[in-house]
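Here are the chains, one letter per residue:
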Amino acid sequence: MMRVSPTRSKVLSFAPHLALWACLIAQAPARAESPASEETGLKIALEARGRGEGFGNFTASQVMVLRNKQGRESRRQLRLKVLEVEGDGNKSLFVFDEPRDVKETALLIHGHRESADEQWLYLPALKRVKRISSANRSGSFMGSEFAYEDMGSQEVERFSYRYLRDEPCGDLTCTVSERVPVDERSGYRRQLVWRDQDELRVWKVEYYDRKDAHLKTLTFGSYEKHLDRYWYAGEMTMVNHLTGKSTVLSWTDFQFRTDFDERDFTQTGLRRVR
Amino acid sequence: MPLSFALRRVVSGSIWILAAVFAARADAEIVDRDFSGRFSAESRWFPATGAFPGQRSLASGFVAEPKLYLEDAAGRSFTLTPFFRYDHSDPRRTHFDLREAYLLLLGDIGDDQWELRLGVDRVFWGVTESQHLVDIVNQIDFVEHPGGESKLGQPMVHLTWSGNWGVAEVFGLPYHRARTFSGLQGRLRLPLVIDNERVTYESAAGEWHFDFASRYSHSFGLLDLGVSLFDGTSREPFLFPGSDAGGMPAFTQYYAQIRQFGLDAQMTVGSWLFKLEAIQRSGARNLLGLEEDYAATVFGGEYTFYSVFGSAADVTLLGEWNYDGRGRNATPNRSPNTLENDLFSGTRLAFNDVQSTEITVSFLTDLGRATRALALEFDRRITGQWSMHFEAVSLLSVDRADLHYAMRDDSFVELNLVYNF
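Protein chains in written order, with my numbering: chain A, 383 to 656; chain B, 2 to 422.
Treat the hints with care, since some could be wrong.
What the hints assert, rightly or not - Which residues of chain B face chain A? A few of them, derived with a C-beta cut under 10 Å, are:
hint: 1; residue: S37
hint: 2; residue: V168
hint: 3; residue: E198
hint: 4; residue: T201
hint: 5; residue: S218
hint: 6; residue: W273
hint: 7; residue: S308
hint: 8; residue: A313
hint: 9; residue: V419
Stated by the list, open to error - What follows is a set of in silico ranges between Cβ atoms, one per label pair, in the way DEER data are often shown:
hint: 10; chain 1: B; residue 1: S215; chain 2: A; residue 2: E435; range: 37 to 45 Å
hint: 11; chain 1: B; residue 1: L230; chain 2: A; residue 2: S497; range: 30 to 38 Å
hint: 12; chain 1: B; residue 1: F422; chain 2: A; residue 2: D591; range: 34 to 42 Å
hint: 13; chain 1: A; residue 1: F638; chain 2: B; residue 2: G326; range: 53 to 61 Å
hint: 14; chain 1: A; residue 1: K451; chain 2: B; residue 2: A42; range: 27 to 35 Å
What the hints assert, rightly or not - Away from chain A, derived, C-beta distances all over 12 Å, residues of chain B:
hint: 15; residue: S44
hint: 16; residue: S215
hint: 17; residue: P242
hint: 18; residue: D245
hint: 19; residue: Y255
hint: 20; residue: L288
hint: 21; residue: D294
Treat the hints as calculated values from the structure; they're not laboratory data. Computed from a predicted structure; not experimentally measured. Don't be surprised by glycine CBs; every beta carbon is placed ideally from N, CA and C.
Turn these sequences into a full structure, and let the hints steer you where they fit.
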């Protein structure tokens, strides 16, 4: 007669991908070879992070379209709030609108640079707040092509970096860097990141699995400048080269420096979502 | 009769007061309006013939649970969630409840924040899966599911004060809701039907006794901790045999005045969740009907293997031990099982696919008696709005000494088709 209460995975499975915003704020790679290229790689990553700082907070809506090899689509919709925390990872609150069976389910993340993130999940059917593990790095959510680690905040400290080369990308010139995840639980051996030289916006990331096979490619588009200073992509497309599946994540309704603060990023704030 | 009348009065009274207050204060400036909910067609089948004559084998019906949310420009909101179940086999299972009807106000004081919820609401406390030991604010809606996770709406004044130091909550609970029980033709019942009309209380104030609850909770790094106090009318009835208004033999519900101290804690370390709940309760009646103070606990944890065998699926192993200091005289608190020395184990398989397919198998075994139960749950989304839930509960054996020996033939399978809007 026992009943295991509804679980996190139902939602969590597509939760963190929501945090993709952080992608913009930090990327670049490294390994041992030339100390100079490592230094350049890290410098680019730190410079990109620096340029992303100071936004304060924002809210946005996301629509995610998952497409399988046969072209069949399925849709996710959610809202998020992000609060910048000086000197540490950001705090984020995600609220799901679709699919409807997980409506009002919400996820609160306190990101950290040096230690594991803290995560709480709100299950509306029971009005239960559940602290959940943040150990899942390589798992996919909701059959989407994004892994938790692709979405979770991409803190500079979580990679080592190496600058590789400059090359044309569209009308721009990009620096190409390699970054290697520090976390052994990462599903990737390495990633290649393309950033334009002028604004340090990420245009492309290639993901290589543990066997160094090219697994996925993420491309960014529809960049828009907010608060005259911060570039955020409006569209992110992840293609899985092994399965032929893809996921398109679209961002809308950005609002910066709105009227909320730390007190909304607490467990009591989590219970108030709708 | 007086009960249902009183209830109706409370319910309708509170809705109208809240709606009026909200309408007046919001000056009709509703800035956010949302209507959502679920409609579910459900069927529960009991393969074995019931232990008592007249019990039906098929319980089919539907559930409607719409939800209305209104928010004004100042951030004040009103939430209304009525609930209705129709069951064709047991009139007692056909019921209406107001799950939520509350006004939410909030504000800041210095660096702290306050929140006030006025009206009917549901509150969840605790961390474990096999039972919700410390959870006490709301009454169980037992006819919904024997697992005890469905709860009746509770009228309350709920004040929350939170800051960097944690969260402090106080609850004023002006009205007691009696537990729901199956009728004569229903399954999952005791040898005698429980009289839902004549409910008796230790307090002279009856169901109007003003109960009090409070809780402090905080996260200390890896540790999430909660301590709670409840002082008032027990949510768990003591059942004594008598007769109903029509002279038929029946159990009468008796609700004692109790005091309960609760503790719930969870450590989240890597892929591990370590969990503990414990209570100390005084004033309650034991199985023999005698007052006996006691302590009870449930502790254990869960461990998740992520992306097993290179797939997207996660496997979670669960294990918890339930203990009640009254031993043989323990009563079932929030489920039909008496959890005086019971081991719970389970496995949850989450496929992490587009349909969020999930399978949970769990096993509960009494370490001192011959009671064992096995449960399987299967959940899957069909489209963006439709989802399904399948469940099979098998009572492998029930010891004669257990109160729910009467339910020994009530293993069931259930299929729900849910439309979420």
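Hint check: 10 Å Cβ-Cβ cutoff, T201 (chain B) to chain A:
26 Å, violated
Hint check: 10 Å Cβ-Cβ cutoff, E198 (chain B) to chain A:
For E198 (chain B), the interface hint is violated, since the closest Cβ of chain A sits about 26 Å away, which is over 10 Å.
Take the C-beta atom of F422 (chain B) and the C-beta atom of D591 (chain A), compute their distance, and say whether it sits inside 34 to 42 Å.
Cβ of F422 (chain B) to Cβ of D591 (chain A): about 40 Å, so the range 34 to 42 Å holds.
Quick check on the hint: S37 (chain B) CB to chain A CB, less than 10 Å?
At 6 Å from the nearest chain A Cβ, S37 (chain B) passes the 10 Å test, so the hint holds.
Would you check whether the claim that D294 (chain B) is not at the interface survives, using Cβ distances to chain A and the 12 Å cut-off?
About 26 Å separates D294 (chain B) from the closest Cβ of chain A, which puts it past 12 Å; holds.
Chain A versus L288 (chain B) - minimum CB to CB distance exceeding 12 Å, so not interface
Since the minimum Cβ distance to chain A is about 18 Å, L288 (chain B) lies beyond 12 Å and the statement holds.
Distance restraint evaluation - F638 (chain A), G326 (chain B), Cβ atoms, bounds 53 to 61 Å
Because 56 Å falls inside the window, the suggested range holds.
Taking C-beta pairs only, is Y255 (chain B) more than 12 Å away from all of chain A?
Non-interface label on Y255 (chain B) holds, nearest chain A Cβ at 23 Å vs cutoff 12 Å.
Least C-beta distance from D245 (chain B) to chain A larger than 12 Å
26 Å, holds
Close enough to count: is the Cβ of S308 (chain B) nearer than 10 Å to one in chain A?
5 Å, holds
Indicate whether the distance between the beta carbons of L230 (chain B) and S497 (chain A) respects the range 30 to 38 Å.
Cβ of L230 (chain B) to Cβ of S497 (chain A): about 33 Å, so the range 30 to 38 Å holds.
Measuring from beta carbon to beta carbon, are S215 (chain B) and E435 (chain A) in 37 to 45 Å?
Holds: the Cβ-Cβ distance is about 41 Å, inside 37 to 45 Å.
Checked against the numbered hints above, the structure violates hints 3 and 4; every other hint is satisfied.
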